[in-house]
Amino acid sequence: MTTPPRASRRRPPARQLLLSAAARVFARDGLEGATTRAISREAGVNEVTLFRHFGTKEHLLEAVVGRAFGDRPASSQAAGPQAATLKADLESFAARYEALLMENLELIRAMIGEIHRHAVCQNQALQGIFLPMREALTRRITGAIRTGEVRAGTNPQLAADLFAGTIFSAVLRRATLKRPQGYSAAEYRKASIDVFLRGLAP
467 MTTPPRASRR RPPARQLLLS AAARVFARDG LEGATTRAIS REAGVNEVTL
517 FRHFGTKEHL LEAVVGRAFG DRPASSQAAG PQAATLKADL ESFAARYEAL
567 LMENLELIRA MIGEIHRHAV CQNQALQGIF LPMREALTRR ITGAIRTGEV
617 RAGTNPQLAA DLFAGTIFSA VLRRATLKRP QGYSAAEYRK ASIDVFLRGL
667 AP
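Residue 467 is where the sequence shown starts when you use my numbering, and the numbers rise one by one after that.
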């Protein structure tokens, strides 16, 4: 059996350890409750190393949010190929949006209620995940109005926010309550789409 090269067994760089540890501590203790000492301890490095890499807790938080949301091309999150029907595109949107929320759920939950105190982080989260999804959904609904799938006079931004909010609230509810809902996530998505389309029908 070949021994792995020594480089492959090295500990991850301190910056990577700190980013991963900070994401866990922010999720556990909240943005304000997390301390640099706790983050350093979680990462297994000393606090001086944290300050050397990031300078302040705020800059570390910005780096964590940027890693989670800032490096994603908007096109990879938002607009896939348009399907033949609005229903099919809503199904695709809902599944992608739910997956993105679940992937970053603990950080999103920590940010709710506190992110307004951190303008740079708020902008990173908005630009990286929420606005691209909203813009893609708004464009699709606008197209559906033109083709007659959705009744004339519908406000596409309002409709997009209603639908995205339905998916967002369901993800948070499932994660918070942690008990059987009487239906699956897929059944919830299907029912949401059915109600949404009936409400927008010409």
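Calculated from the structure, these hints are not laboratory results. All values derive from a computational prediction rather than experimental measurement. Some hints here could point you the wrong way.
[Unchecked claim] Pairwise CB distance ranges (calculated):
| id | residue 1 | residue 2 | range |
| --- | --- | --- | --- |
| 1 | G619 | V661 | 27 to 33 Å |
| 2 | G609 | S486 | 36 to 42 Å |
| 3 | I578 | G609 | 29 to 35 Å |
| 4 | L643 | A565 | 15 to 21 Å |
From the three backbone atoms N, C-alpha and C, an ideal C-beta is built for every residue, glycine too.
Okay, the hints, checked on the actual structure:
As the Cβ distance of G619 to V661 is approximately 19 Å, the hint placing it in 27 to 33 Å is violated. The given range of 36 to 42 Å is respected by G609 and S486, whose C-beta atoms sit roughly 41 Å from each other. Taken as a hint, the range 29 to 35 Å holds for the pair I578 and G609, whose Cβ atoms sit roughly 32 Å apart. A hinted range of 15 to 21 Å holds for the C-beta pair L643 and A565, which are about 20 Å apart.
Going down the numbered hints, you'll see the structure goes against just number 1.
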